[in-house]
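Engineer: Spelled out, the chains give:
Number of protein chains: 2
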Amino acid sequence: MRTEGTGFLRARRPEQKQQRYAAILDAARELALRDGVGAVSLADIAAEVGMHKSALLKYFETREEIFLRLAETEFGEWAAGAIAALSTAGPDPRQVADVLANSVADRPLFCQLLLYSPLTLERNVSLEVVRAFKQAVNESLQQVLPALRRALPALGDEACFDLFAMSGIAAAGLWQAAHPSPQVVALHAEDPHAARYPDFRATLVRFVRTYLTGLLNE
Amino acid sequence: MRTEGTGFLRARRPEQKQQRYAAILDAARELALRDGVGAVSLADIAAEVGMHKSALLKYFETREEIFLRLAETEFGEWAAGAIAALSTAGPDPRQVADVLANSVADRPLFCQLLLYSPLTLERNVSLEVVRAFKQAVNESLQQVLPALRRALPALGDEACFDLFAMSGIAAAGLWQAAHPSPQVVALHAEDPHAARYPDFRATLVRFVRTYLTGLLNE
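In the order they appear, the protein sequences are chains W and R.
For the first sequence, this note's numbering assigns the number 1 to the initial residue and increments by one for each residue that follows.
For the second sequence, this note's numbering assigns the number 1 to the initial residue and increments by one for each residue that follows.
Hints are computed from structural coordinates only; laboratory data are not their basis.
Glycine included, C-beta positions come from ideal geometry on N, C-alpha and C.
There's no promise every hint is true.
[To be verified] To give an idea of the chain W side of the interface with chain R (calculated C-beta under 8 angstroms), a few residues:
(1) Leu31
(2) Arg34
(3) Gly38
(4) Ala105
(5) Arg107
(6) Val130
(7) Met166
(8) Ile169
(9) Leu174
(10) Pro180
(11) Pro192
(12) Ala194
[Unchecked claim] In silico lysine to aspartate or glutamate, DMTMM-like type, Cα no more than 20 angstroms apart, as pairs:
(13) W:Lys134 to R:Glu190
(14) R:Lys134 to W:Glu65
(15) R:Lys134 to W:Asp26
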């Protein structure tokens, strides 16, 4: 308990508070990548970063706020990566689809948070935290949109948004299919043909290609 | 306690056990349709059906088994409805897409269970329960497949499976987007243009049309 007390005194200085804030986010990210977002509790994060739960809750409202802040960061970093990759993609739509799908598939935490954000994270935080999250997501999308339009001049704004949104929904769902429960893994060991969509990246690339073909042929 | 004891004695007869089993599933279905699958606990189901949790666990392994059994039923009923609707659909692919999308959109519990099955339900039950569920899903899909192939002769078996799978993943994700948290509802009240995909059925129809166009133009 002595250490915790000393730690808390230290963290009164703004730069030390900032370090703690970042350490909590880092711990949550590491645990989520190892165990899956759904399996990580506030107590797990507190133990990983070496704080009491009560001290941790001076930095974040809830467990869900921690993951929603990680989702903001993931959206921003995904957008930056996608813009860079799209700048040299096209005009072959298949190449643009591959770049877009891979920009998502490269980010396993992002794929999980795309599912959990509407499902649980946006439910267990204040209106202000949701507002900040939605603004950050919107800004990221507004930054990527021109890059996608440049790469695919034939696609309108609404179709570009559909491509982002449905690629995200597909990534969230296909991630679950490619990371089944131990029980399903055991079933697939008995009958390997029963495993559908085991290769997450290849399936997502195939989906985005097909869906983009549909958008371009409507 | 007296009533519970009497009820349990009564339920020793097989037909009464069967009635209890069905009553538990009915209660879970009602609660999930009212509050959402994620919000319904085993205690809620026990209270709704008027049993003790311990008595309920003589019928089902876990809360998750209850919902997985409901998912089996939903898959079977969806398949029967889709087969009937597909028998008069086509050859216009847009008409087939509409029939398929509406067969899913007509079933709000199905849309939720498509999300929760891989996410949580298949994780908290025994191998035997998962095996029975997967077999039931596979049988349902194998029954619908010929009906879809008749309606869309140009589509191969693999593309037909992709159409089912991605329509299901899209339905699961779009359901979440169309049923946001109270916080997100409050944000949308401030700025109605911020609400994306509020009309679940229309958005799913549009997605299935576009994706099918892509499958037919690959």
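Engineer: Hint by hint, work out which the structure violates, then give me just those numbers in ascending order.
Structural biologist: Hint check: 1, 2, 4, 5, 11, 14, 15 fail, others pass.
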